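Line by line, the protein sequences give chains A and B.
So for the first sequence, the numbering used here puts the first residue at 297; every next one is plus one.
So for the second sequence, the numbering used here puts the first residue at 459; every next one is plus one.
Warning: the hint list may mix true and false statements.
Stated by the list, open to error - The calculated label-pair distances, taken between Cβ atoms and stated as ranges, are:
#: 1; chain 1: A; residue 1: S347; chain 2: B; residue 2: V509; range: 35 to 45 Å
#: 2; chain 1: A; residue 1: N353; chain 2: B; residue 2: K538; range: 39 to 49 Å
#: 3; chain 1: B; residue 1: A498; chain 2: A; residue 2: G379; range: 17 to 27 Å
Claimed, not checked - From the structure, some residues in chain A lie toward chain B, with a derived Cβ separation under 10 Å:
#: 4; residue: G312
#: 5; residue: I314
#: 6; residue: Y332
#: 7; residue: E338
#: 8; residue: T341
#: 9; residue: F361
#: 10; residue: S365
#: 11; residue: P375
#: 12; residue: P378
#: 13; residue: G379
#: 14; residue: Q396
#: 15; residue: T402
Stated by the list, open to error - Using 30 Å as the maximum straight-line C-alpha spacing, the simulated DSS-like pairs for lysine-lysine come out as follows:
#: 16; chain 1: A; residue 1: K364; chain 2: B; residue 2: K537
#: 17; chain 1: B; residue 1: K538; chain 2: A; residue 2: K397
#: 18; chain 1: A; residue 1: K350; chain 2: A; residue 2: K333
What the hints contain is simulated information worked out from the structure, not anything from laboratory work.
Note that the structure is predicted; figures quoted are calculated from it, not measured.
Where a beta carbon is used, it is the ideal one built from N, C-alpha and C, also for glycine.
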Amino acid sequence: DQQVKQNSPSLSVQEGRISILNCDYTNSMFDYFLWYKKYPAEGPTFLISISSIKDKNEDGRFTVFLNKSAKHLSLHIVPSQPGDSAVYFCAASYLSGGYQKVTFGTGTKLQVIP
Amino acid sequence: SQTIHQWPATLVQPVGSPLSLECTVEGTSNPNLYWYRQAAGRGLQLLFYSVGIGQISSEVPQNLSASRPQDRQFILSSKKLLLSDSGFYLCALTGLTPYEQYFGPGTRLTVT
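The shape of chain B in the complex, shown without the other chains (with noise of 0.2 Å):
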């Protein structure tokens, strides 16, 4: 069965420092790869999805960017952290149909 890793479960970084956060599935083969962000009292907004490696597409114009240098690699990364950054950042991947996901664990981060 698919399994969705991601770390860290929480992190608190400060305004302006950089950012890595990391997904890994088992269990599958050349998965779509999806990065959501859940800010306080918002839904799921879909920043980047992946259907390959080194393949990236971004949703939303932000201070974000994705990478996946392996097939089940998916990694969110940003330069400098703004406080609008904060939130629940979600990985998923297409589940055994293509409209249905499923979800990592997921990462809170606190920018202060």
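One chain only, chain A, in its complex shape (with noise of 0.2 Å):
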């Protein structure tokens, strides 16, 4: 059962223009969502996270917006960069057992045009 899931496996996107992730997830014990970059053969990276008591978060060119009710995470880049060619892991988190659950999703390629 896929209780992280990220239904786009690739994206292209044009250099400057709004990239656009999305996210969806099943488990309502989910309290905080994370958005990981991965490059190949690196490790995932920490690039973005929002607690469920907020619906929106920001950081530099980065944003994610969370709709609980729809139990909907989103990530936007603006503008896109080439160097944002990566793959985006989202990620969602809740206490279990004395230690932090955290559930990633399949990822989505994104590519930035130049």
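The task is to assemble the complex, starting from two chains supplied on their own in separate frames and drawing on the hints.
What follows is the structure, encoded as structure tokens:
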């Protein structure tokens, strides 16, 4: 059962335009959401996060939006740059058994075209 | 700052052979450590986590096992590899907040 879903395996965007990556989740226990960026043959790196008590968090060119009623979050990158080309993983987390259980989506490969 | 080392970076092993992947961390004490696997076309799957020496919890039943002999060492093992064990194995630790995780560079395992 995939509790965190990224239904778009890939996305192509022109440089300078907005990139919107989407993520849906099913488990109501999730209370913290994160986005990770991954380059080939490297480990993922943390990008941005949002608590379930908020609906928006912004960090420079990156903004994450959370719609709890729809169990949906999205990552906006504005403006998109070629260096943003990578695989983006959505992740959702909640406290379970004394540790923070993180569930990852399958990833969306973003290609920013110069 | 925290640093995660993983080796080897790449590994090709025949089916039925044993496996040992090592993860060591620097710059932190008593970290929560995790092993993830990314199989082809799939997301990151949590395999094991450890909150301390000798404390291992498994998320999914599988052909693999994990051990934590020292505070900053986490080992992933198998007695007999299967083709389905191929993938990109990542070690991670909890970051500045309990929600964020920092990942190592990973090990690409190909079982032939």
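task: Could you check the structure against the hints above and give me the numbers of any it violates, in ascending order?
output: 1, 4, 5, 9, 10, 11, 12, 13, 16
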